[in-house]
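Visitor: From first to last, the protein sequence lines are chains P and H. For the first sequence, position 124 (counting from the first letter as 1) is numbered 124 according to this note's numbering, and the numbering increases by one without interruption. For the second sequence, position 280 (counting from the first letter as 1) is numbered 280 according to this note's numbering, and the numbering increases by one without interruption.
Hints were generated in silico from the structure; no laboratory data involved. Treat the hints loosely; a few may be bogus.
[Unchecked claim] Part of the chain H face toward chain P, derived, beta carbon under 7 angstroms:
| # | residue |
| --- | --- |
| 1 | L3 |
| 2 | H5 |
| 3 | E10 |
| 4 | K56 |
| 5 | A77 |
| 6 | K138 |
| 7 | P162 |
| 8 | N169 |
| 9 | R227 |
| 10 | K229 |
What you are looking at is a predicted structure, and each value in this text was computed from that prediction instead of being measured. All residues carry an ideal CB built from backbone N, CA and C; glycine is no exception.
Each chain, written out:
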Amino acid sequence: MDIETFFQNQNSKKQLRILTCGSVDDGKSTLIGRLLFDSKNIYSDQLSQIKIESEKYGTQGKQIDLALLIDGLQAEREQGITIDVAYRYFETEKCKFIIADTPGHEEYTRNMVTGASSSDVGIILVDATKGILDQTKRHTFILSLLGIENIIVAVNKMDLINYDEKKFKDIIASFKNFAGEFNFNLQKFIPISALVGDNVFQKNTNISWYNEKSLIDELEGISLNEPLEEEIFSLPVQFVNRLSSDFRGYSGTITSGKIKINNEVHVFSSKEKIKIIKILTPKGESEFAVKGQAVTLTFDKEVDISRGDLLCSVKNHNYFLSDQFASHIIWMNKEQMIPERNYIFKFINFQTIGKITDLVHKININSFEKIASKFLNLNEIGYAKVALNKNTIFNTYKNNKKLGSFVIIDQFNNQTVGAGVIEHELRRASNISWHQMSINKNLRSSINGQKPCVLWFTGLSGSGKSTIANIIEQKLHKIGKHTYLLDGDNVRHGLNKDLGFTDVDRVENIRRISEVSRLMVDAGLITIVSFISPFKSERKMARELVESEEFIEIYVDTPIEECEKRDPKGLYKKARSGKLKNFTGIDSNYEIPSSPEIILETKIKSAEELADEVILYLKQYNKI
Amino acid sequence: MKLSHIDKLESESIHIIREVASEFVNPVMLYSIGKDSSVMLHLAQKAFYPSKIPFKLMHIDTTWKFKEMINFRDDIAKKYNLDLLVHINQEGVLNNINPISSGSKVHTDVMKTQSLIQALDKYKFDAAFGGARRDEEKSRAKERIFSFRDKKNRWDPKNQKPELWNLFNTKIDQGESVRVFPLSNWTEIDIWQYIYQENIPLVPLYFSKIRPIIRRNDMMIMVDDDRLKIKENEKIEQKKVRFRTLGCYPLTAAVESDASTVEEIIIELLESKYSERQGRLIDNDQIGSMEKKKQEGYF
Ligand SMILES: Nc1nc2c(ncn2[C@@H]2O[C@H](COP(=O)(O)OP(=O)(O)OP(=O)(O)O)[C@@H](O)[C@H]2O)c(=O)[nH]1
Ligand SMILES: [Mg+2]
């Protein structure tokens, strides 16, 4: 063979990063063993070692257990399961594959996520004898979350169900049924037997009813999206090369687009424009460089650029410099995620302290329903708002995976406890300028000498919120103040009539009420809100929508025994008898406010007296 | 322009090397003189070009390396003006630990693993680059690119930190460290292709030549100096051999080969039925031995 032709072949092969995932024992490791074996990427000394081990640990009697080629840790071989991701390499005529074998066990989901994060293609295995399982769904969801566009569903162990076409079709149908909304670019279904090798490399007469491509043909046929011609250039500055006195260059890996010498680029943080003088690529000095290359650049001007900064196209870039965003988060630690706790957030070239301010919802991995929750436990996925201590440059994950992802590190034990993908930036004010209205809220409210604010009543059902709120509104009306009372009834029947009482709906209910009260404050009104609002996180969300002095949290403090005694609507009785589920105070938690502006103790004073206390507060703080 | 597989690996490795230089206070590059180390060194030079590599290199010398390796090491250090440390476990030397009478296990443990730990502790390195690749061995296939080591330099394979995208957790406490493997995703053939394309200098032992060997435990061992005592039933043969991996000469098996250039090696490799680690005695001690060694601090 001629070596130059060999290299030419090698260099024209495309590189594909793939992973196998799915539930425990679906045959992921066996499949990779099979791929290595059939592509002749196993050496005979490795094979003879596996033969010895198969007798000792194998799950296939005297036959060789291909999974042992992959399960490289002693504990894995002993238990016959995969614990951590293994990376394997094999090649065919057309492709170089980097393949990650991930564990099916729920406990080790974080290792599956590790393998998935850098993959282009996901092979989801389904055991034909078992069908779609929880882990199949969880892994499919994770692939979609991580933006993996190509998936192949390999229905494995066809040998155990006599290559039954109907069962195969049933599995396809139930897969499509749950994965319909995930929008994968490519989604293929292949019946295989990893153990025997059917449809992995070779098509087999055992499955004569299947006329499509074998697994390897399908993989080789996948084409990855090459960067678009007009893609925006971006390079997160990783390292400032000032190691010798006569040289100053800026190093990093291009995460999108391309550059040429003499191009002007933007230093994102300072908005300065500079011109590229030299491009040093791994292949030496070059006229241009493209996405994926680790380069060093020099510029026409000495400007202040440091690690953490971003160099990007002058026009049309879509990056954010902000300290808040909303993102999906996958939690990977036994210690649960706690909102408001400080963690380290690590981005591609920057890290800072920050916290998850609100967990908007978490996702039920079975039904993909959004559920209200305050915490994320190990392996749970949620949607959350993040606030950082410092402004950070980022993008959405959809636009740029490298600049839209982050990991969360525990400050105290240095564990990597979570990972996130950015969905959108918050506090748009820094980027989008609001349409400036000529009449603002100060003008609106000055007419009748009031300062707008939200009186946010929180407390148990039957604690007296509405009673007191009503009296306050009457008193304010009497002295000529403009008010509006948002109460369960007027909101539930109109704006929120589509919402029920599930946890998700409760969160959405409060979110809408918060937004409405913000608009009303903007309209200059004293807005009175009266809802149980049991969770700190929701109340905090409402608080953050308005100016800090505009939010007055009023905790109506009535002991539960007292509420239960009053029971004006007979709800406690129902809840006690089990007829009413998720009733606050009985089987759903009420979080007492830690620092409300006002506490009203209904056991000591009458509603009238308490209303006066609030009026007094408003006067003291110059609201009226 | 489309990047080839090798171009992608090259940039990925450079990115990793720069990340360490940015995030750690006192990194070091373990330089073992072999082909993987040579590629790693080459990549480090590219990462910081036109400046010098901003960290030290270190060779853990067991005193039993091939003579040609040591000469090559010193030449390279001089040629590239490298900041090279050489560490020898003097305690091991005093106790006459050697691969022949102490056995491969004890020798590797004392002169390599313990020696490395001594050196890391002595210089207080917080990150150490190694040239290991995941395709070498199945427990390596499981290791992260940034692989955490506790205060006792131990690897805990069942409790590795998740490593997503190319976001590496570089947070460690005093006394802890990280082993970093920039060549994780390279295969043996990738390494050779790169050596060819970049014209990277290598120790001549990789290339076939007539060398004096004896046969012992089904392996061909080169007689590199007179510390290797020839037993009565053994005789020195002159054979055309080369080495697929390099280590301590009494523990490294030669293979018969005519491949005397990089091209020929690649062709030979493509036709080979045996993996490169086959030439290492230390892996064969027991099933799972590499994992054990790594847990104890071996690279
Ligand atoms: N009959 C049959 N058995 C199979 C097939 N594929 C895998 N198996 C067997 O199924 C069992 C589990 O296989 P593994 O490859 O270890 O499964 P896995 O999905 O990697 O498991 P985890 O990584 O632990 O989640 C082993 O006993 C395999 O031999 C197949 O196609 N047919
Ligand atoms: Mg497995």
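Visitor: Evaluate each hint against the coordinates.
Guide: Consistency of the hints with the structure:
The restraint placing H:L3 at the interface with chain P holds, with a minimum CB-CB distance near 5 angstroms, inside the 7 angstroms limit. This hint holds: H:H5 has a C-beta 4 angstroms from the nearest C-beta of chain P, less than the 7 angstroms allowed. A cut of 7 angstroms between beta carbons decides the hint on H:E10: the least distance to chain P is about 5 angstroms, and the hint holds. The criterion of a C-beta within 7 angstroms of any C-beta in chain P is not met by H:K56, whose closest approach is roughly 14 angstroms, and the hint is violated.
Because the closest C-beta pair between H:A77 and chain P is about 19 angstroms apart, greater than 7 angstroms, the hint is violated. The restraint placing H:K138 at the interface with chain P holds, with a minimum CB-CB distance near 3 angstroms, inside the 7 angstroms limit. About 4 angstroms separates the beta-carbon of H:P162 from the nearest beta-carbon of chain P, less than 7 angstroms, and the hint is met. Evaluation of the H:N169 hint against chain P yields a held restraint, the C-beta minimum of about 5 angstroms falling below 7 angstroms.
Hint status for H:R227 relative to chain P: violated, with the closest Cβ pair at about 29 angstroms, above 7 angstroms. The beta carbon of H:K229 is not positioned within 7 angstroms of any beta carbon in chain P (closest approach about 28 angstroms), and the interface hint is therefore violated.
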